[in-house]
Each structure stands twice: as structure tokens, then as C-alpha cells.
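Undergrad: These are the residues of each chain, in order.
Number of protein chains: 2
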Amino acid sequence: MLKKYLLAPGPTPIPPEVLLAMAMPIIHHRSTDFIPVLESAKKGLQWLYQTKNDVLILCSTGTGGMVSSVNNFFSPQDKVLVINGGNFGERWTKIGQAYGLNVQEIKVEWGHTVKPDEVEMVLKNDPGIKGVFVQASETSTGVYHDIRALSRIVREKSNTILIVDAISALAAYDLRTDEWGIDIMIGGSQKGLMLPPGLAFISVSEKAWKMSQDAKLPKFYFNLRKEREALAKNQTRFTTAVTLIIGLDESIKLLQKEGLGKVFKRHETLAHAAREAVKALGLELYSKESPSNAVTAILAPKGLDGQEIYKNLKDKYGITAAGGQGQAKGKIFRIAHLGYADIFDIIIAISGIEMVLTNMGYPVKLGSGVATAEKLLLK
Amino acid sequence: MLKKYLLAPGPTPIPPEVLLAMAMPIIHHRSTDFIPVLESAKKGLQWLYQTKNDVLILCSTGTGGMVSSVNNFFSPQDKVLVINGGNFGERWTKIGQAYGLNVQEIKVEWGHTVKPDEVEMVLKNDPGIKGVFVQASETSTGVYHDIRALSRIVREKSNTILIVDAISALAAYDLRTDEWGIDIMIGGSQKGLMLPPGLAFISVSEKAWKMSQDAKLPKFYFNLRKEREALAKNQTRFTTAVTLIIGLDESIKLLQKEGLGKVFKRHETLAHAAREAVKALGLELYSKESPSNAVTAILAPKGLDGQEIYKNLKDKYGITAAGGQGQAKGKIFRIAHLGYADIFDIIIAISGIEMVLTNMGYPVKLGSGVATAEKLLLK
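Chains as they are written, first to last, in this note's numbering: chain A, 10 to 388; chain B, 10 to 388.
No lab work stands behind these hints, which were simulated from the structure alone. Computed from a predicted structure; not experimentally measured. Each hint should be verified, as a subset may be incorrect.
Across the chosen pairs, the derived CB separations fall in these ranges [unchecked claim]:
(1) 269/A x 377/B: 54 to 62 Å
(2) 29/B x 335/A: 33 to 41 Å
(3) 325/B x 265/A: 28 to 36 Å
(4) 185/A x 243/B: 38 to 46 Å
(5) 25/A x 370/B: 46 to 54 Å
(6) 168/A x 320/B: 46 to 54 Å
(7) 317/B x 157/A: 49 to 57 Å
Just a sample of chain A residues kept apart from chain B, beta carbon distances all over 12 Å, derived [claimed, not checked]:
(8) 39
(9) 127
(10) 136
(11) 155
(12) 167
(13) 183
(14) 215
(15) 221
(16) 237
(17) 242
(18) 262
(19) 274
(20) 324
(21) 340
Now the stretches of chain B that chain A is said to cover, found in silico as 3 or more residues with beta-carbon under 8 Å [what the hints assert, rightly or not]:
(22) 56-70
(23) 105-117
(24) 204-212
(25) 278-292
C-beta atoms are modelled at their ideal positions from N, C-alpha and C, and glycine is treated no differently.
Construct the complete structure from the given sequences, taking the supplied hints into account.
TA: Next comes the structure, spelled out in C-alpha cells:
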């Protein structure tokens, strides 16, 4: 018997309350059983997004949400700026190129965060840039970009919108959509929202809606203006993922019970403990600055393969963490503290790392990382 | 207390085995826990589709599958033919137009089925038509189009592919992808597959893959060639709806246990009983020919509103049926016998209709429809 522990940056564990709500007999998406649930989830998302903007619900994974932020607001040849500091930054570029946009990039060395000044300079020098695409938390490198500072820069430009991939940051970070003026923010169900994958969320500001009027890229499934019309009537355009929306409503209620401030604080505390514990083991973080509160990326010690550490955690101890992606593959492994995560998820992660490194012949003092975590997590 | 009965043409009821499998703690989409499940579901879909073609799994509702059959195989201005005989036929036209295709239509009067000869004539007169789009079961009218005959016509044309929306027909009809030569066939999770909404399936023939090489429409989320590459390695391109794929594997196993022939026969028997029972009540079917085995569309008796019948079934008796869509709204109501449906779903539907019509002042002989159904459903 090997008990299973899911400590990956998405899908993340699902609270039993949510699993049970989703296991109830299914209801019809046009029925009076479902409409109040959709309405409640819609309002809950606005609460979580800290916004009065529309927050639309798409039946797709997060990448579908990313695509919808391209094909609804831009036209072929439009110039846009992508902050590319990891695997998901690269995805922005690929999506933009697939749709024929003129994609400029600020390349950020993996493990680092973008300098807002650099973004400001690029926008100043090229007022034709219509959109700035960035990740809040870049899951592949475990780095958080300063969305507040970027918002401040972009909101000054009347013809430029800021598009934030907050897929792994939503419900982990205090992202103030309205206060900061984030035009478009994308979330996914399988991260901080503690749900299975299958839903994307996207908030849209008035400035972005205006831009959408001139957008000429073809759209049908991801047509946000039509999604807005339907959701205004507490309807979905097509059959939607009823089950996941029932779960969404339930999971938002759990977050509301805890309180938004406490949810963010919990993520911060757990992430801090994870990072300090890892360092206490003599390991190095992959994120050289602004480490994310959603996921901790750890450099494999010299001579060890990050994928092997991932594999040993899984095979020997039942812990599903994550390996590296793209250029970081083999170099790192990652543990998440995202969503339905608490003190003992950190303890399990650190304890597992201590034992796996020992198994692999890397000298760590057993219990020393756990002790550091406990000190920081003491109630 | 009002017990609930779901008799709508999707979402359809989910077997408890499937609900429970999906309620298990979630697993990671890149983990060794998930890969065998994906592989098994992939093979199961090929079994259900009766094909050796790729059957790809998309994280979207069925409409996303429909879109992917347009943006992966055609270029702007390409001429295509849509069989438009209902709400979902209209959707083909709208999708084609949204992507800039030159859409020709054969308009079929609602409640009727397309004449294969007419399709043959149109294709003969216009060899530039690259694709023929049709529904197998047109859910809005309760009519089945003769896919076998249409396949026979289109397979003769080397530059034309047949695209079948089998969303509500899959697992209800014996659709022989390889034997008949269906190029593209789209399914959805929430119909005959007895799952929640959130997955689309799409089979692609070699002829269609060849056509995809020249297709110039932009694509990223719905990029079938890339989906194929990933699935060949038992992977998904992005995070996928893990939970639904676990359910999919489970539901296909239930269908396999029953046997494909018996599954189709069950749908045929239930549909036949439903239709005869309805007629025994003096009601008229909306489908004037080739009524679908997935859903029965019934004309509201003179003076009664179909939406009111739907509403009374729901509010008074807890039965979620369906009303009419588009031009049929108000004129009809619909009951499904699709997926996890058995004898007593028909009995409940007919009994509910008898009582609601009585409540609404329309004279039916109580029990007479049920008697007819029982006679046809006797084991």
C-alpha cells in the first residue's frame, strides 16, 4: 500500500466537500436547478477577482482562456509585447504567432522576474503595442512577476491593454483587478480553485471590451462578447461543464468562509516555510528573485537529475510533485503549495525530499528541513 | 420532497459507478497513475467509433469539436456544404461563416431528413465543395440523417470529406466509421457516453489528415495535428480534464460489458416504445420521418405551449425533459432515451406526460401510453 499525495502545481487536491458536490446526480444546464448555481459562481468569481468586470467562464483548460484573450481583442499584424520568462511565457508567443500577431518579446532569463522599467521603456518607444502579455506566477520557473507595477504602467496607455495569465496565481495572490486596473485576467479551475481541470475564467475590463469591437480574428467557440451576453442572463452559450461549475460554486464558498486575506496569507506562509526548509537542506531555489507563493522550484543538487528526484518521490513515497519543463527539464523539481494545501502538505513534501535525496546518495541531515518548516509553521 | 428525473438529451444521467470513479481524489495528468487510463480510454473510443483512425479527445464541449473540424481542415473561402435541418445544422453554418468559409446549404424542413440524392446532385454539380457537414441525430428536431448513404456518396469524391456531428448519436447508433468511410465524426461526453459535459471527441480519417496539410485557418487550442502527436504518446498537449477522462474510461467499460450491439438495440427499443406510447396518447411526433433513437420530439397538442409542458413536467413532477429550440420553441417538447436509460425511464416519461397533459386540461386516457410502452418493453 502506498498512500498518494498530490503536491503538483495543478491539478491540485480537491476538498472532499467539492468532490462530493460534484458526485451528486447531474442536473441540466438550462434547468432551474442550475441557473442559481451559475449565478452564485459568477458572483463568487467576481469576489475572488476583486472586480466588478465581467468574469466569463469557458469550458476549456487554462490555455483556452489564453487563446480567447488573443482572438477576441486583436487583429492579424497587431503588435503585442510578450514577457517571456518561462514555458508559459513562451506559450503566449506561440499563441500570438499562431494568430498572425506581430509578437515582440522581452526575454527574461528563466528564474528571474521582469523589470517593470524595461516594459515601460519598450511601451514608450513603441506606442503601437496594443497588448502586454504576462504571467502572474510563471509555473515553470516558480517566479512571480510584479503585476501591480505592470498594471500601473499599462493603465497609462489608452491603446494598450494588460493581459495577465493568473492561472496558477488566482486565489494564491492578492490580485486587485479593479484597483490596479488589470484589463484581462485568466484563471483555471485546477489550481488555487481546488477543482479538476476543465474550466477557464477570464475577466474583461471596459477598455478591453472597447478594443474587442475592432478585433478581426475569427472566433466562434471562444467568442467572449457572446459569452458575456449569455452570462448576463445567467446562461451559458452552449452546454457547459455543469459538474465543474457546481464544484466551482462550492470551492468559492470554502474560500469565502476562510476569507480572502487569510487565503493569501496561508499561501504566503506555506511557500515561505517550503523555501526556508529547502534552503536548510542545502538546496538552492531555481527562482533567483520573487519566488512564487504557488510553487517552489528547486535546483537538483549537482550530479542529480531533477526528473529522477521527481520519479523517486512518486515511486518510492507516493508523492506526485513536478519535474522541470523546457530548458529546466532535468535541472529542477517543483513542489506546489497551492489551493487545498495546509501545514502537513509542506511537512510531507520536505520529509519526502529528505528521504529521496538520502536514497539517491546526497547527504542531508534527516529532519533538518522539516524542523525549519515546523518552526515557521508553529501555530 | 420531489425526486428528480433527468430525461433531457444531454446532459444525460451518469451511472453511479462513473460518478464514484470521478469522485476519487484527483491524479496528475503527467503521472504514471493517469497515462494507462488515457491509453485505455483512447482505445475504448476507437472501439466505440468502430475505427482504426485516431480519435482525439478535446477539453471542450461538443461545439468545440465542431469548430475543430472546421479550422483544421479548411482555408478561408473554401466551399463547403451544410445540411441544415435544425438548430445544430444552423450551427455548422454559423461556424463555417465565422471562419470565412463559403457555406452552401441544403435546407431541410425541420422534422424531416435530408434526401441523399439531393446531396449527390449538389456535389456532382459543384466538384469544388471540399466538405459536407451533417448531423447524425439532429437533437433539435429528433431526426436521424442517413449517414451510411451520405458516406457512400462522399467517399467517391477524392477532394471532399464528410464531417458528421454525432454528438447525440454516438453510442446510440451503429455508426461504422471505417466500414462506411466517415472522415470526421464528432462526439460529446454528456450524451450516449453517460458523462458530464466537458469533453469532445473527434475521429479523423487519412483523407482528412491529408486535407489538413493545406488548411490555413489559425489554430492553437484546437490544433488536431498537435493533439494527434501528443495522444500517440499517450499524453495530452495541455492539462486535460483528468476527471472526465477517468469517467470516460469507466463508462466505455460499462458499454463494453453490455456489448455494442446490445447498446444500440436498447436505444432502438426504448425509442420505439416512447414513440408508440406518445402516439397512443393521440400526440404527434415532430419528426415526420426517420425519428431519432436518441431523442423523441413531440408536438404540443393544439392550444398547449410546449414550454409549458416542459415547465410542468419539471415543477410538478421533477422531470427534466427539454423544450423546443429555435423555430420549434413553444411548438414541441422533447424526451430523451439516451445513454444511461432503461425501461423505467420511458415509463416515467410517458406517465409524466399523461399526468401533465391531464393537469393542463388536455384529455388523455391515463395509463394508456404507459400500457403501450409496457407492451413493447415486456421482457
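Undergrad: Run every hint past the structure and note whether it holds.
TA: Hint by hint, here is what the structure shows:
The supplied range of 54 to 62 Å is met by residue 269/A and residue 377/B, whose beta-carbon atoms lie about 59 Å from each other. Checked against the given bound of 33 to 41 Å, the beta carbons of residue 29/B and residue 335/A, roughly 37 Å apart, stay inside it. Look at residue 325/B against residue 265/A: about 35 Å separates their beta carbons, and that is inside 28 to 36 Å. Restraint check, residue 185/A to residue 243/B: a C-beta distance of roughly 42 Å satisfies the suggested window 38 to 46 Å.
Taken as a hint, the range 46 to 54 Å holds for the pair residue 25/A and residue 370/B, whose Cβ atoms sit roughly 48 Å apart. Between residue 168/A and residue 320/B the beta carbons are some 49 Å apart, a value that agrees with the proposed interval 46 to 54 Å. Residue 317/B and residue 157/A have their C-beta atoms about 54 Å apart, which keeps the hinted 49 to 57 Å range intact. In this structure residue 39/A is not separated from chain B by more than 12 Å, as the shortest Cβ-Cβ distance comes to only about 8 Å.
Non-interface status of residue 127/A relative to chain B is upheld: no Cβ of that chain comes within 12 Å, the nearest being about 27 Å off. With a least beta-carbon separation of about 26 Å from chain B, residue 136/A lies farther than 12 Å from that chain, consistent with its non-interface assignment. Every CB of chain B lies more than 12 Å from the CB of residue 155/A, the least distance being 26 Å, so the non-interface label holds. With 12 Å as the threshold on Cβ separation, the claim that residue 167/A sits away from chain B holds: the shortest Cβ distance comes to roughly 28 Å.
Distance check for residue 183/A against chain B: the nearest CB is about 24 Å away, which clears 12 Å, and the non-interface claim stands. No beta-carbon of chain B comes within 12 Å of the beta-carbon of residue 215/A; the shortest separation is about 25 Å. Chain B leaves residue 221/A outside its interface by the beta-carbon criterion, the shortest separation being 15 Å against a cut-off of 12 Å. With a cut of 12 Å on Cβ distances, residue 237/A stays outside the contact zone with chain B, its closest approach being about 17 Å.
Every CB of chain B lies more than 12 Å from the CB of residue 242/A, the least distance being 15 Å, so the non-interface label holds. Here residue 262/A stays apart from chain B, with its beta-carbon at least about 18 Å from theirs, past the 12 Å limit. With a least beta-carbon separation of about 25 Å from chain B, residue 274/A lies farther than 12 Å from that chain, consistent with its non-interface assignment. A beta-carbon of chain B comes within 12 Å of the beta-carbon of residue 324/A; the shortest separation is about 8 Å.
The beta carbon of residue 340/A sits about 17 Å from the closest Cβ of chain B, which is more than 12 Å, so the claim that it is off the interface holds. Closer than 8 Å: that is the beta-carbon criterion, and the stretch 56-70 of chain B has 3 residues meeting it against chain A, so the requirement of 3 holds. Remark: the stretch 105-117 of chain B is confirmed as covered by chain A, as 3 of its residues place a Cβ nearer than 8 Å to a Cβ of that chain, reaching the required three. For a cut-off of 8 Å, the count of residues in the stretch 204-212 of chain B with a CB near a CB of chain A stands at 3, and the three-residue condition holds.
Residues of the stretch 278-292 of chain B with a Cβ under 8 Å from some Cβ of chain A number 0, which does not satisfy the need for three, so the listed coverage is violated.
When each numbered hint is compared with the structure, violations occur for hints 8, 20 and 25.
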